[in-house]
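Trainee: Make a model of the complete structure from these sequences and hints.
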Amino acid sequence: MIKDFQQLLKDKNIQFYIVPTDDDHQSETVGDYYQARAYLSGFTGSAGTLLVMQDEAYLWTDGRYFIQAAKELYEGITLMKMGQKGVPTLLEFLIQHIQEHDKIAFDGQTMACQFILDLKKQLKIDDYQIECVDLMQEFWKDRPQRSCEKAFLYDIQYHGLSTHKKIEKILDYMKDHNCQSHLITTLDDIAWIFNIRGNDIPCSPTVLAFALITLDQSYLYLQKGSYDLDMVKALQQENVLVKDYQDIYQDAQELKGRVLLSTNHINYALFQCLNCEIVDKMNPSQMLKAIKNEVEIENSKHAHIKDGVAMTKFMYWLKNNYGKIDMDEMSVSDKVLELRQQQDLFIEPSFTTICAWKDNAALMHYHPTSTQFTKIDQDGMLLIDSGGQYMDGTTDITRTFVLGQITDIQKKHFTMVLQGMLTLQNAHFLHGCTGQSLDILARSPMWSEDIDYQCGTGHGVGHLLNVHEGPQGFRYKLRSLSENITLEPGMNITDEPGIYLEGQYGIRIENELLCVKGTENEYGQFLHFEPLTFVPIDLDAVEVSLLSQKEKNWLNQYHQEVYEKISPYLTDEEKDWLKEYTRVI
12 MIKDFQQLLK
22 DKNIQFYIVP
32 TDDDHQSETV
42 GDYYQARAYL
52 SGFTGSAGTL
62 LVMQDEAYLW
72 TDGRYFIQAA
82 KELYEGITLM
92 KMGQKGVPTL
102 LEFLIQHIQE
112 HDKIAFDGQT
122 MACQFILDLK
132 KQLKIDDYQI
142 ECVDLMQEFW
152 KDRPQRSCEK
162 AFLYDIQYHG
172 LSTHKKIEKI
182 LDYMKDHNCQ
192 SHLITTLDDI
202 AWIFNIRGND
212 IPCSPTVLAF
222 ALITLDQSYL
232 YLQKGSYDLD
242 MVKALQQENV
252 LVKDYQDIYQ
262 DAQELKGRVL
272 LSTNHINYAL
282 FQCLNCEIVD
292 KMNPSQMLKA
302 IKNEVEIENS
312 KHAHIKDGVA
322 MTKFMYWLKN
332 NYGKIDMDEM
342 SVSDKVLELR
352 QQQDLFIEPS
362 FTTICAWKDN
372 AALMHYHPTS
382 TQFTKIDQDG
392 MLLIDSGGQY
402 MDGTTDITRT
412 FVLGQITDIQ
422 KKHFTMVLQG
432 MLTLQNAHFL
442 HGCTGQSLDI
452 LARSPMWSED
462 IDYQCGTGHG
472 VGHLLNVHEG
482 PQGFRYKLRS
492 LSENITLEPG
502 MNITDEPGIY
512 LEGQYGIRIE
522 NELLCVKGTE
532 NEYGQFLHFE
542 PLTFVPIDLD
552 AVEVSLLSQK
562 EKNWLNQYHQ
572 EVYEKISPYL
582 TDEEKDWLKE
592 YTRVI
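Basically our numbering = 1-based index in the sequence shown + 11.
Hint data in this document are derived by calculation from the structure and do not stem from the laboratory.
Just so you know, nobody snuck in bad clues.
Taking lysine-lysine and the DSSO-like style, the derived pairs with C-alpha atoms no more than 27 Å apart in a straight line are:
hint, residue 1, residue 2
1, Lys292, Lys132
2, Lys114, Lys131
3, Lys386, Lys422
4, Lys132, Lys114
5, Lys422, Lys563
6, Lys114, Lys92
7, Lys92, Lys131
8, Lys423, Lys330
9, Lys21, Lys135
10, Lys96, Lys135
11, Lys576, Lys563
12, Lys330, Lys586
13, Lys14, Lys152
14, Lys235, Lys177
15, Lys180, Lys267
16, Lys254, Lys292
17, Lys23, Lys131
18, Lys528, Lys177
19, Lys590, Lys423
20, Lys82, Lys386
21, Lys152, Lys235
22, Lys369, Lys335
23, Lys92, Lys135
24, Lys161, Lys244
25, Lys312, Lys180
26, Lys244, Lys180
27, Lys563, Lys330
28, Lys563, Lys423
29, Lys423, Lys386
30, Lys369, Lys82
31, Lys176, Lys312
Pairwise CB distance ranges, derived in the manner of DEER restraints:
hint, residue 1, residue 2, range
32, Lys267, Ser342, 57 to 67 Å
33, Leu512, Gly94, 11 to 21 Å
34, Ser381, Gly334, 21 to 31 Å
35, Leu441, Leu128, 32 to 42 Å
36, Asp463, Ser342, 27 to 37 Å
37, Leu557, Gly74, 23 to 33 Å
38, Glu533, Val555, 32 to 42 Å
39, Gly529, Asp145, 47 to 57 Å
Every residue gets a Cβ at the ideal spot worked out from N, C-alpha and C, and that includes glycine.
Mentor: So, in C-alpha cells, the structure goes:
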C-alpha cells in the first residue's frame with residue numbers, strides 16, 4: 012500500500028505528502044470518506060497524522076494510541092510518539108528535512124490552516140512549493156462517498172435558546188471587535204448556533220456545513236439532500252438563508268472588511284480564498300455553548316439519570332451472569348447498547364464503546380470489532396468507557412469492573428484511581444481557576460507512586476453534540492494557550508484519571524461533572540462540582556484500608572445519591588443488589 016503511494020509521489024515529484032485525520036471542518040471524528048490516513052497507514056485510532064515521503068513514512072500520534080498504533084501500522088511506517096523525549100513534532104521534522112526546491116503537498120480542504128501558516132513562518136528556506144491536491148481521489152479507487160444524511164431542527168424544549176438570540180450574542184461580539192463578518196467551519200459550533208442536528212459523523216449528531224454571519228444576514232451552507240423546504244422556511248424566520256455547501260469557497264473570496272475566524276479550525280483551502288483583513292480568535296460560540304443554560308442543564312440531568320439506569324442494570328447483569336453464560340467483549344458491548352436503547356429519547360452511542368478485558372484495557376481507546384475480540388472467561392478487570400446521545404443530552408461514563416479475583420496490587424491501583432477521581436470531583440476552588448490549576452488533584456495519587464497516564468484528565472461535553480467538546484478541560488500540560496480556559500458555572504466536564512500498564516491491565520473511572528457556584532465572600536466566588544453521572548463504583552475492587560476517612564465519606568455520599576436517584580427505576584431484585592453495591596464502607 013504505502014510503496015504504491017510513494018511511487019505516485021515520485022511520479023508527481025512530491026517530496027512530502029501530509030495526511031491528517033481531518034475533514035473539511037477539522038472534526039475530531041470523521042466519516043468514512045475522510046479516513047485516508049487509516050486507509051494508507053493501517054492505524055485506526057481517532058488522532059494522528061501521516062507523513063509520506065518518497066522512500067520513508069511516519070505516523071505521529073499521542074499517548075492514548077502508542078500501543079495500538081504499534082500493532083496496527085503497516086510495514087514501512089515509523090511510529091512517532093508525540094510528547095516523548097527526543098521525538099520531534101511533525102512541524103519540527105518538516106523544518107529539519109525540507110530542502111530547496113522540495114514540494115510539500117496535501118488536501119487543502121482537510122488541512123488545518125494554522126499548521127501550514129506555522130510551517131511557512133518557521134521554514135528557513137524560500138525556494139519550496141506548497142500544493143493543495145487530494146491524491147486520494149485517484150489512489151483510493153473504492154473510496155466511500157461523502158456522507159449526506161438528512162438534518163433536522165433541534166426543538167427548543169431541549170436547548171432553550173432560539174437561533175436568532177444566539178446570533179444576536181455573536182453579533183454583539185463581532186461589533187465589539189469591529190468585524191463585519193464571521194466565518195464558521197466547525198460542525199459543533201454550527202449545529203449549536205443554528206439549532207440543527209444531523210448524522211454525517213458517527214456518534215456525533217452534526218451535519219456537514221459551513222456558516223457565515225454578517226451584520227445583516229446569516230448564511231448556512233448545506234449539501235443538497237440534507238435539508239428540505241420546511242427547514243429552509245424555518246431558518247428564514249431566523250434571518251438565515253440556506254446555500255449550497257460548496258458555495259462557501261466562492262463567497263469567501265468576496266468578503267470585505269474584517270472577518271472573524273479561527274485559524275486553528277478553518278481549512279487551508281478556504282483560508283486561501285480570503286482577500287480581506289482577518290481577526291483570528293476563538294469562535295465566540297465555543298464559550299457560549301460551553302456554559303449550559305438552565306434548560307440544557309435540566310435536560311442533561313434527565314439524560315444522565317436514564318444513562319445511569321442503563322449502566323446500573325448492565326452492572327447488575329454483568330455481576331450476576333459472569334461465569335454462567337458465554338461472554339466476550341463484543342457481546343458485552345452489545346448488551347450495553349441494548350440497555351441504553353430501552354431508555355426514552357435514546358438516539359445512538361456518543362462514541363464507539365471501549366470494552367476492554369484485562370490487558371486490552373491498557374490500550375486507552377481499544378474497542379472490539381466483530382472480527383477481533385477477546386473472551387471474558389477468567390479472573391480479571393473489565394473496562395467499559397461508553398456513552399449515549401439522547402435527545403435531551405450527551406453522556407460519557409467509564410467504569411472498571413472486577414470479575415472473579417484480582418491481585419492486591421490491582422486493588423491498590425484501582426483505589427488510587429478512585430482517590431484521584433473523588434478528590435477532583437469534590438474540589439472547591441475560586442473562580443479564575445482553569446483545568447490546568449486542578450489537574451494535579453486527580454493525578455497526585457498516581458504521581459506519588461511515580462505513575463502517570465499519558466492523556467488529559469477530562470474534557471468538556473456537548474449538549475446532543477460532540478462527546479469531546481472544549482474549550483474547557485483538565486490537563487496539566489497545555490497543547491495550546493487556547494486551552495487555558497477559566498472554569499465557569501454551567502460548564503460540564505469529565506473527571507477520568509487512570510492507570511494503564513502495557514500487557515497487564517488498564518483502570519479508568521469517569522464521572523461527568525457540572526461546575527456550580529458555591530460561597531461568595533471577601534475572597535471571591537467559590538465554585539465546586541456536582542456529579543451528573545450516577546452509577547456505582549465497583550466496591551469489589553476497592554482496598555478500603557487505603558482510603559482516608561474523608562475519601563470514605565465522599566464515596567459513601569456519592570453511593571447514597573446513586574441509590575436515591577437510580578433505585579426507583581429498578582426491579583426489586585436489582586434494588587436489593589444496588590443496596591449492597593452502594594453500602595457504607
